[in-house]
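Model the full structure from these sequences, guided by the hints.
Okay, here's what each chain looks like letter by letter:
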Amino acid sequence: MSVRQALLALLEQGPMYGYQLRSEFEQRTGGTWPLNVGQVYTTLTRLERDGLVAGAGADDEGHVVYRLTEDGHGEVATWFTTPVARTQPPRDELAIKLALAVTVPGVDVGRVIQQQRTATMKALQDYTRLKRSERGAERVDLAWGLVLDSLVFAAEAEIRWLDHCESRLRRAAREQSAAPASAPVQEEAR
Amino acid sequence: MSAVLTLDRVSRVHGEGASAVEALKSVTFTAAAGELVAVMGPSGSGKSTLLTLAGGLDSPTSGTVTVEGADLGSLGLKDRARMRRTAIGYVFQDFNLIPALTAAENVALPLELDGQRPRAARAAARLALDEVGIGHLADRFPDDMSGGQAQRVAIARAVVGERRLILADEPTGALDTETGEDILQLLRARCDAGAAGVLVTHEARHAAWADRVVFLRDGVVVDESGSAPVDALLDAGQGR
Ligand SMILES: Nc1ncnc2c1ncn2[C@@H]1O[C@H](COP(=O)(O)OP(=O)(O)OP(=O)(O)O)[C@@H](O)[C@H]1O
Ligand SMILES: [Mg+2]
Numbered sequence: 001m002s003v004r005q006a007l008l009a010l011l012e013q014g015p016m017y018g019y020q021l022r023s024e025f026e027q028r029t030g031g032t033w034p035l036n037v038g039q040v041y042t043t044l045t046r047l048e049r050d051g052l053v054a055g056a057g058a059d060d061e062g063h064v065v066y067r068l069t070e071d072g073h074g075e076v077a078t079w080f081t082t083p084v085a086r087t088q089p090p091r092d093e094l095a096i097k098l099a100l101a102v103t104v105p106g107v108d109v110g111r112v113i114q115q116q117r118t119a120t121m122k123a124l125q126d127y128t129r130l131k132r133s134e135r136g137a138e139r140v141d142l143a144w145g146l147v148l149d150s151l152v153f154a155a156e157a158e159i160r161w162l163d164h165c166e167s168r169l170r171r172a173a174r175e176q177s178a179a180p181a182s183a184p185v186q187e188e189a190r
Numbered sequence: 001m002s003a004v005l006t007l008d009r010v011s012r013v014h015g016e017g018a019s020a021v022e023a024l025k026s027v028t029f030t031a032a033a034g035e036l037v038a039v040m041g042p043s044g045s046g047k048s049t050l051l052t053l054a055g056g057l058d059s060p061t062s063g064t065v066t067v068e069g070a071d072l073g074s075l076g077l078k079d080r081a082r083m084r085r086t087a088i089g090y091v092f093q094d095f096n097l098i099p100a101l102t103a104a105e106n107v108a109l110p111l112e113l114d115g116q117r118p119r120a121a122r123a124a125a126r127l128a129l130d131e132v133g134i135g136h137l138a139d140r141f142p143d144d145m146s147g148g149q150a151q152r153v154a155i156a157r158a159v160v161g162e163r164r165l166i167l168a169d170e171p172t173g174a175l176d177t178e179t180g181e182d183i184l185q186l187l188r189a190r191c192d193a194g195a196a197g198v199l200v201t202h203e204a205r206h207a208a209w210a211d212r213v214v215f216l217r218d219g220v221v222v223d224e225s226g227s228a229p230v231d232a233l234l235d236a237g238q239g240r
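Chains as they are written, first to last, in full-length UniProt numbering: chain A, 1 to 190; chain B, 1 to 240.
What the hints contain is simulated information worked out from the structure, not anything from laboratory work. Honestly, I wouldn't trust all of these hints.
[Stated by the list, open to error] Short derived list, chain B residues pointing at chain A, Cβ under 8 Å:
#1 P42
#2 E203
#3 A204
#4 R205
#5 W209
#6 V213
#7 V222
#8 D223
#9 S225
From the three backbone atoms N, C-alpha and C, an ideal C-beta is built for every residue, glycine too.
As C-alpha cells, this is what we get:
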C-alpha cells in the first residue's frame, strides 16, 4: 500500500503533523494496516524533497506541521482519478500453497482445504462481530465500516474459492476412478 | 444454555432399493436457546433435509428429533402441527407463500390458525413486516412483489409471534447484500433475545453471523467452526 498517497490525501483536510497523520489514518482503517511514526516522518521528508508538501511552521507544542503544495494537490487528484492497478497480483500464499499441494506427492489436499476454510470462517466471524459492535455504536464510522466490509468480502471470496477447489478436486478424483480401463490406452496413444 | 433443538444420530434415506439416496447419515446436531447456527455445504449435501426434519415437516428413517424437550416422532399429528404453528418458524427455500392472501394475511395466518383474534394477528403481522423493511407492502399479493420482497414476507411469517426455534433455508438468496445483512441482523436479534436459530446458506458472509458454522458433505458433518478469540482476527488480517 502506498503510504505516500495516503498521507497526501489526508493533508487535503488541512495542515497536520506526523502523529496526527498517523492517528487520522488509523481511525479510518481501524488499525488494520498499522503505520509507525518513523515511517510517517521519513515519508514526509521525501514528500518535502519532491516538492509535494512544505513545512508550515510549528504548532504551540512545537510539532512541525506540513501542508500540501500546489503539486501535492495535483498528485492527490491524480491518485483518486486513477484506478488501482490489477496487473501485478500480490503474491498469494494460499493459492501458491494449493497449487503445490495438488502437485507435491503425499499431501492430503482435502484436509488442507478444510483446515483453511475453518480458519478463514473464524476470521470472518470475528470481522462480523466487529461489524455488529460497529452497528451498535452511537456514531458509525463510515470509513472504517467500509474497510471492514472489504475484509469481509475478501474472506468470503476466499471461502468460495476453497469450496470451488474442493469440488474440482472431487470431480477430478471421480473421473480418475471412473476411467481406469481407458488410462493405459491413452498411454499407448502418446 | 438449554438445547431447543436436538437431532440424535439422525439418518434419512429417500427412496428405496437401488435408487435410495442417503441424504443424512447419522447426524447429531443441537441448537441452544440464544444460539444461531449456520449450516453450509454443497448442493445436495443434505442441508434442506436436515432443516425439514428439525421442523417436523419430514420424519427421520432412524434417530430422534427433539424440539423443546418433545420428541417429534412420538407426538401425535395434531400436537406436531400445533408445534409447527407456535414454536417453530420456518423460512422455505422457495418461500411457500399463499398467492391468494396479501403479505399481511400470509404473515398473520399461523397466528390466526393458533386461535389469536384476527385484529391482534394482523397487528403483529404488520409489525413483523415493518421489521423486515416492507411494512408499506402489507396489502400486496405475493405475485405482485419482487423476489426479494416475497422472501422478506416469508421471513416475517417465520419470526412473527414468540417462536422458540427459527429455521431458515437460504433466506437471503433473492436479496441484495445490504438487505441480506438486515435480515441477518434480525435473525441475530431474535436469537440474542432467546430463540434458537438454524440458518442454511451458501454465503459465508451470512454464515459468519452465526455462533457456530457446521459444514455438511454428503449427509455427514465434516467440520465445525465456533467462536475464535479476537487475536485470530489480527493474525488473519496481517497474514495477507
Ligand atoms: N424427496 C426426495 N426424494 C428423493 N431424493 C431426495 C428427496 N429430497 C432430497 N433428496 C436427495 O437428498 C439429497 C440431499 O438433498 P437436500 O435437498 O437436503 O440438499 P441441499 O443440501 O439442501 O441442497 P441445495 O443446496 O441444492 O438446496 C440430494 O441428493 C437429493 O437429491
Ligand atoms: Mg436445499
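Structure-based check of all given hints:
1. The criterion of a C-beta within 8 Å of any C-beta in chain A is met by P42 of chain B, whose closest approach is roughly 6 Å, and the hint holds.
2. Interface restraint check: E203 of chain B against chain A, minimum CB-CB distance 7 Å, threshold 8 Å, status holds.
3. At about 4 Å, the closest approach between the beta carbon of A204 of chain B and any beta carbon in chain A falls short of 8 Å, and the interface hint on this residue holds.
4. For the restraint placing R205 of chain B at the interface with chain A, the shortest Cβ-Cβ distance is roughly 4 Å, inside the 8 Å limit, so the hint holds.
5. Interface restraint check: W209 of chain B against chain A, minimum CB-CB distance 6 Å, threshold 8 Å, status holds.
6. Interface restraint check: V213 of chain B against chain A, minimum CB-CB distance 5 Å, threshold 8 Å, status holds.
7. Here the hint on V222 of chain B is kept, as its CB sits about 7 Å from the closest CB of chain A, short of 8 Å.
8. A hinted interface residue such as D223 of chain B counts as satisfied when its beta carbon comes closer than 8 Å to some beta carbon of chain A; here the least separation is about 6 Å, so the hint holds.
9. Of the supplied interface hints, the one on S225 of chain B holds, with its beta-carbon coming within about 4 Å of a beta-carbon of chain A, less than 8 Å.
When the structure is compared with the earlier hints, no violation turns up for any of them.
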